[in-house]
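Q: On the provided structure of chain A, position chain B as indicated by the hints.
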Amino acid sequence: MGTISSAFSITAGALDADQEALNIVANNVANANTPGYTREVPNWQENPPVLINGIANGDGVAQTGPTSVRDRVLTERLDQQQQLASASGTRLTALNTLQALFTPDSGSSSSTAGDIGSDLTGFFNSFSSLEANPTDNALRQQVLSSASTLASDVSNAASSLNSQRTALDEEASGVTSQVNALTSAIAQVNRQITTISPNADAGTLEDERQQDLSRLSQLIGINQITTENNGLSIATTGGQLLVSGSSSFQMTSGPVDGITHFFVGTVDATSQLAAGGGQLGGYLTARDQDIPSVLSSLDQLAYNVSTSVNALNNAGTDLDGNTGTTADPLNIFNQPTTAAGSAANMSVAMTDPNRVAAAALGKGTGDNSNATAMADLANQGIVDGQTPTDFYSSLVSDLGSTVSEVETENTAQNASVTQLQTQNNALSEVSLDDEASSMTTFERSYQAASQVFTMLNTVIGSAINLGESTAVT
Amino acid sequence: MRVDPSYIANLAGSIDQSQATEQQLSSELSSGVGITSLGQNPVASGQNVLLLNQIQQDDSFTQSSNLVTGQLQVADSTLGSVVTQLTSALSLATSANNGTMNSSDVQSIGSQISGILDEVTSLANTAYQGQYIFAGGKTSTSPFTTTTSGSPSVTTYNGDEDVDYLETPNGQKIQLNVPGSRIFLGDGANSVFGALNSLVGDYSTGTVDTDKAVSDTEALNTALNYVSQQRVTIDNSMTQLTAASESVTDNQTQLTTAQTDLMQADIPSISTQLSLTETQQTALEDVIAQLDSTSNNLFSKLQ
Chain A
0 MGTISSAFSI
10 TAGALDADQE
20 ALNIVANNVA
30 NANTPGYTRE
40 VPNWQENPPV
50 LINGIANGDG
60 VAQTGPTSVR
70 DRVLTERLDQ
80 QQQLASASGT
90 RLTALNTLQA
100 LFTPDSGSSS
110 STAGDIGSDL
120 TGFFNSFSSL
130 EANPTDNALR
140 QQVLSSASTL
150 ASDVSNAASS
160 LNSQRTALDE
170 EASGVTSQVN
180 ALTSAIAQVN
190 RQITTISPNA
200 DAGTLEDERQ
210 QDLSRLSQLI
220 GINQITTENN
230 GLSIATTGGQ
240 LLVSGSSSFQ
250 MTSGPVDGIT
260 HFFVGTVDAT
270 SQLAAGGGQL
280 GGYLTARDQD
290 IPSVLSSLDQ
300 LAYNVSTSVN
310 ALNNAGTDLD
320 GNTGTTADPL
330 NIFNQPTTAA
340 GSAANMSVAM
350 TDPNRVAAAA
360 LGKGTGDNSN
370 ATAMADLANQ
380 GIVDGQTPTD
390 FYSSLVSDLG
400 STVSEVETEN
410 TAQNASVTQL
420 QTQNNALSEV
430 SLDDEASSMT
440 TFERSYQAAS
450 QVFTMLNTVI
460 GSAINLGEST
470 AVT
Chain B
0 MRVDPSYIAN
10 LAGSIDQSQA
20 TEQQLSSELS
30 SGVGITSLGQ
40 NPVASGQNVL
50 LLNQIQQDDS
60 FTQSSNLVTG
70 QLQVADSTLG
80 SVVTQLTSAL
90 SLATSANNGT
100 MNSSDVQSIG
110 SQISGILDEV
120 TSLANTAYQG
130 QYIFAGGKTS
140 TSPFTTTTSG
150 SPSVTTYNGD
160 EDVDYLETPN
170 GQKIQLNVPG
180 SRIFLGDGAN
190 SVFGALNSLV
200 GDYSTGTVDT
210 DKAVSDTEAL
220 NTALNYVSQQ
230 RVTIDNSMTQ
240 LTAASESVTD
250 NQTQLTTAQT
260 DLMQADIPSI
270 STQLSLTETQ
280 QTALEDVIAQ
290 LDSTSNNLFS
300 KLQ
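Here the protein sequences line up with chains A and B, keeping their order.
Just so it is clear: in the first sequence, position 161 is 160 by numbering that gives the first Met the number 0, and no numbers are missing.
Just so it is clear: in the second sequence, position 252 is 251 by numbering that gives the first Met the number 0, and no numbers are missing.
Quick caveat, the hints were computed from the structure, so don't treat them as lab data.
All figures in this text were calculated on a predicted structure; none of them were measured in a lab.
Note that CB positions come from ideal geometry on N, CA and C, so glycine has one too.
Keep in mind that a hint or two might mislead.
Restraint ranges, calculated between C-beta atoms of paired labels, are given here [what the hints assert, rightly or not]:
{"no.": "1", "chain 1": "A", "residue 1": "151", "chain 2": "B", "residue 2": "75", "range": "38 to 46 Å"}
{"no.": "2", "chain 1": "B", "residue 1": "290", "chain 2": "A", "residue 2": "70", "range": "37 to 45 Å"}
{"no.": "3", "chain 1": "A", "residue 1": "447", "chain 2": "B", "residue 2": "10", "range": "34 to 42 Å"}
The shape of chain A in the complex, shown without the other chains (with noise of 0.2 Å):
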């Protein structure tokens, strides 16, 4: 049978639970705008009953304390979708630079300056102008000037592409201090949570360490594995281990054949982190892919164009009636040696107009034959097959579909980041009115249960008043 005394001591736990969710309320509302704080219930209890003569009789309710309401496996999910969408969004941002070194010409027949495909046909046009008049000084200077547009526009656009690749290497080494800072922030939040909360979800503790990791998953690409007490290893996708436990290994970086390089333990982990996602893979993959293709193409272009025109022009006879040698080489542009480099030391070798080769070898100084052959290069497969300006035309649609493909992977991966976003703001979030409501929930039983012990207090002034005619109220 229960006792008024025990409604008293019932109505008391109501009103501590009630001041208890009630805190919890005013909690949530005051980090409402807190970056990473996740929402808090109160953990309503019914306490144990309590058997008397074998009818159990409730004990009221207790607060176990507030509980975090996230899922993990969404939080993780928004995190490894953040690596991909920085990842791209890193590297369209390079490759937005990268492409504006080679803008569509709008132009109609005039060249513009900078343009390496106008130039390309300026410089083989002027060929063809030669072929009108092969003896002509203004004709012989307008190859020399012409080769010299192409060369400047090729060597130019191959020293800007460098120096973005050299920018991006900067960029990318300094993402290796804030990964460090944030793993073994993250091992010493390990540490507290495995001490303080092994078994369930550590709260805001746990709040901080979701924050260190939607910070990492910006920078690099990882994945989580949770393990024992409530603790969190972390690997980078290619296997390196960076947190295990309270501990967290460094990532150093150093340079490797002139490019930053950098390494977990002493492991070389630069491919892996360039494919790995996170702003690192994104700075990696435009520093040690998209460049250098573009480059390379350049490099094969400027080699092709300059060789097949040196050995031409070799084989010819110059207005002087000589004829190139080894010792004395009629070389247009500054002949190079390999493929590699050629784009960014391509220059014009020759000074001379005269020395332009138009006539064929043995032939008089009045021949063009040798101007038509130059000229008829501008059709020929001289550059991996195809025509100098095919080559050029392909190199400017490829990049474009490169730009143009990982846009479109980072408007898709940033629609799934928001997407994600919104799920786990949706069941994390503060909700101002869900507080106001709760708020007002609770204060409402608050009351209740004060109304419960006023009248519980009347109760017992009847039972203590008994049989007096005196009332105690």
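A: Structure of chain B alone, referenced to chain A:
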């Protein structure tokens, strides 16, 4: 079901996006260029390189053809003068051969033909912009010189047999010159200079060996016909050049239209898109203004 409490932040993201679209569209409108970066339309960007290449090739051919037209015209009119000179030499020779002239008249005709020989030599050594046009590839040296030591005098050719061509953008080759040896020395039997030198020798003494003079006159006649044939080659080149220039100009016009279509901004379509984007942005702003007002918060209802 619980919704994302910070949906207004997402709406703000949408506003950013629509502003970026507006910016892109208005830059297309103001520049008139529809493709401002490679990624926007990779295929068109590649195509643009090829079209511009063809347009510029056509442009360059038009300029070259203007240059060579002058040279061909000079060659043609020079050969016209040669024909005139040779015709008058023929009629002089014919009159000398009819046996009615005294020796001083014959000698005078001899010297007139000798004058014609000099004139033809000078025509054969015609230069255009400093280059001898009948010298084959050796355009820097005067192609014909006459040695007067023997009798008859001998005119020799110092040029070569080189023939130059101008290539059109579609690969057609147009002949630009005829080597002087082919015109003036023929293939041995049709030598202009041979015939003229012989005739000068025939009449120089005043006594005419009629049979030889008649045969030499016939040789001159044959040589004259041969020169006319060679002139046809030059005329053909001029015709081909005109035709090629016209076709190249037509081609260039078509390509330019194609290139403009490819790269130019489609104004009506862009304007429509711009207007749609503006409407969308206004709508977004209104929605945010509605949702963001403080009276929409449940807390504000609690007293």
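Q: So, for every hint listed, does it hold in this structure?
A: Structure-based check of all given hints:
{"no.": "1", "hint": "A/151 with B/75: 38 to 46 Å", "result": "holds (43 Å)"}
{"no.": "2", "hint": "B/290 with A/70: 37 to 45 Å", "result": "violated (26 Å)"}
{"no.": "3", "hint": "A/447 with B/10: 34 to 42 Å", "result": "holds (40 Å)"}
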